[in-house]
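Given the coordinates of chain A, work out where chain B should sit on it, guided by the hints.
2 protein chains.
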Amino acid sequence: MRIDDLINNTGEWLKGTGPQSHIVMSSRIRLARNVSKVPFPSRANKKDLTAVYDSVKSAIEKSGYLKDSVVLRINDLDNLDKQFLIERHLMSHDHAASGEGRAIAFSKEEILSIMINEEDHLRVQAMQSGFNLFETWKIMDTIDNELSKNINFAYDDQWGYLTACPTNTGTGIRGSVMLHLPALVMTKQINKVLEAIAKLSFASRGFYGEGTQAIGNFFQISNQVSLGHSEEDILQNINGLVRQVIEQEEQARQTLLVQNKAVLEDKICRSYGVLRNAHIISSQETVDLLSMVRLGIDSGVIKDVDTQAINELFIMIQPAHLQKIEGKKLSATERDAKRASLIREKLEK
Amino acid sequence: MRIDDLINNTGEWLKGTGPQSHIVMSSRIRLARNVSKVPFPSRANKKDLTAVYDSVKSAIEKSGYLKDSVVLRINDLDNLDKQFLIERHLMSHDHAASGEGRAIAFSKEEILSIMINEEDHLRVQAMQSGFNLFETWKIMDTIDNELSKNINFAYDDQWGYLTACPTNTGTGIRGSVMLHLPALVMTKQINKVLEAIAKLSFASRGFYGEGTQAIGNFFQISNQVSLGHSEEDILQNINGLVRQVIEQEEQARQTLLVQNKAVLEDKICRSYGVLRNAHIISSQETVDLLSMVRLGIDSGVIKDVDTQAINELFIMIQPAHLQKIEGKKLSATERDAKRASLIREKLEK
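First to last, the protein sequences are chains A and B.
Take any residue in the first sequence, count from 1 to its spot, add 46: that is its number in this note's numbering.
Take any residue in the second sequence, count from 1 to its spot, add 46: that is its number in this note's numbering.
Any given hint could turn out to be false.
Listed next, the in silico DSSO-like pairs over lysine-lysine satisfying Cα-Cα at most 27 Å (straight line) [to be verified]:
id	chain 1	residue 1	chain 2	residue 2
1	A	Lys384	A	Lys61
2	A	Lys392	B	Lys395
3	A	Lys395	A	Lys349
4	A	Lys349	B	Lys395
5	B	Lys307	A	Lys375
6	A	Lys307	B	Lys374
7	B	Lys349	A	Lys349
8	B	Lys93	B	Lys128
9	A	Lys395	B	Lys349
10	B	Lys384	A	Lys349
11	A	Lys349	B	Lys392
12	B	Lys83	B	Lys108
13	A	Lys307	B	Lys392
14	A	Lys154	A	Lys113
15	A	Lys384	B	Lys349
16	A	Lys392	A	Lys349
17	A	Lys307	B	Lys375
18	A	Lys392	B	Lys392
19	A	Lys395	B	Lys395
20	B	Lys384	A	Lys307
It is worth saying that the hints were derived from the structure and are not from the lab.
Bound-form chain A, shown alone (with noise of 0.2 Å):
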């Protein structure tokens, strides 16, 4: 597998198949891990990072989940690629910022990967379609059970995995739900929950990560404690957390439905005819009316387009997927064109 072999293909978490997909895209859950007695990689030397490299690799070949992993130096990849495996949410700016030493490697429908001397030695990630925290976490969990037999983890019995950064230490687990909130967001009550969950001591993000605005209604919920709970209930924690705003989203939608009807199905509709029939559009105003046409399908006013196509089409359209898709250099502008063209496309089947 090549990263070009990855262009036609999009990872499993975004088949919009797992549990409550009308809400939640996917589920995700990052462990940080180090190797024992080797600086962490803000500290490390050239040797260490190869030898932390070479000691992951190894693992990765004798692992029975990763085997068929592709493992990529950072140092190999071009600027497009590295953009490419961002826009994927397979690797972090930071990584692909760095250079010797570092890698990336990602499983078949991208649902491991690992970033190889990031913040930490290991930043695994392990991601589902749907509402799938404990499912994710089971891969998850094997992935580790693997990885620690051929690499010696830095573990201390009273604070549990080391790591760069001390808000990782303890289980070193965080695990992230991305949820399209669009009726939280038009009810104007977003805000409200979002002081919540900050209130309970959970992060909420963008759909493209740490620092990211909240675009297209998706927000990403995650844990910030990782010390002093296990990992099953850092989780169970998330999980509850999620549950409740589910519902209070599938209250909202209920409102707009009764309230609002023909409004609704008006903005729906037309975001769908547009989508399908512009021929330049800028990635915020496609996110926008992606965000109308997913909730559209849960609604039951879009019958023709499956939910997978639409998940998909948020990763597609970003810059260095559309030149991957062309196979070339595209400007702003022809950028703007060729957008326009593949979500016709997409759409019309």
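Frame of chain A, contents of chain B only:
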């Protein structure tokens, strides 16, 4: 034929079949005539008005062209009927607001119509699709001759046909051409064109008649003077002027297509997409979008709909038409929904 028979048909002038119909919607000739020795309608008493009505009705029945026309007394029409006939360009607002002794007559396909006892005893109108003033004049001239065999028209050897307002005296003729000039509007040349028209003593009006704004980029050009020239000269003058405006619009369309093809295509296709998908739409937005689609048909961007369907929609999306089609009174909100569904239905065909 009854008024309700008109609902599912539209006039010949909307067929989009005449010459230059990519730019010219229709050609229209109006003739003002009065019955000799009877006071003009504003001065006439009920007996006079009734006598005029009787003699015009009798003349219509004896006419070869007009004998199958519908003749309707204003007092027999309800408000919806009146509004419907105004929307249809068959009757003026003033005429609809009148009463006893006043009437309206129109022939099959609405090629000919007569307002009886409006400002003049007879206001005869002939309409044809496309740029077709001389064909329209032929029809009008025949009717004028037929009617004058049975009605003694007020005529003065020095002044010609006498009319209630002196601006119509002489030939009593007004020729109008309805032009669709989206490219002159988009390239911001329209004001210069309209100023030139005014300097040449021609009038320009909007789609919905005298005193109305130019909506949907439609402009009606007509003569102001009807005295001192023959009918043929008057029509030749309008004809020459319209020919120039058509050329300017064609050049502007070329300019847009050369300089800004992608942007134009996007605008046209989005308009089409919104029309085919909206569930609530105002008449103003509809007319703006229909205008773009009409341009899209001429420029080859839109291929699966014909000019006639678009022309007809300009008429059918008006309030009285929507209510006639629905068969009941509709609130403004209900009309916006009915308008959207009518458009979707018509464009799906």
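Here's how the hints hold up against the structure:
no.: 1; hint: A:Lys384 - A:Lys61; verdict: holds, 23 Å
no.: 2; hint: A:Lys392 - B:Lys395; verdict: holds, 24 Å
no.: 3; hint: A:Lys395 - A:Lys349; verdict: holds, 13 Å
no.: 4; hint: A:Lys349 - B:Lys395; verdict: holds, 20 Å
no.: 5; hint: B:Lys307 - A:Lys375; verdict: holds, 22 Å
no.: 6; hint: A:Lys307 - B:Lys374; verdict: holds, 23 Å
no.: 7; hint: B:Lys349 - A:Lys349; verdict: holds, 26 Å
no.: 8; hint: B:Lys93 - B:Lys128; verdict: holds, 24 Å
no.: 9; hint: A:Lys395 - B:Lys349; verdict: holds, 20 Å
no.: 10; hint: B:Lys384 - A:Lys349; verdict: holds, 22 Å
no.: 11; hint: A:Lys349 - B:Lys392; verdict: holds, 21 Å
no.: 12; hint: B:Lys83 - B:Lys108; verdict: holds, 22 Å
no.: 13; hint: A:Lys307 - B:Lys392; verdict: holds, 23 Å
no.: 14; hint: A:Lys154 - A:Lys113; verdict: holds, 10 Å
no.: 15; hint: A:Lys384 - B:Lys349; verdict: holds, 22 Å
no.: 16; hint: A:Lys392 - A:Lys349; verdict: holds, 15 Å
no.: 17; hint: A:Lys307 - B:Lys375; verdict: holds, 22 Å
no.: 18; hint: A:Lys392 - B:Lys392; verdict: holds, 26 Å
no.: 19; hint: A:Lys395 - B:Lys395; verdict: holds, 21 Å
no.: 20; hint: B:Lys384 - A:Lys307; verdict: holds, 15 Å
In summary, the structure agrees with every hint in the numbered list given earlier.
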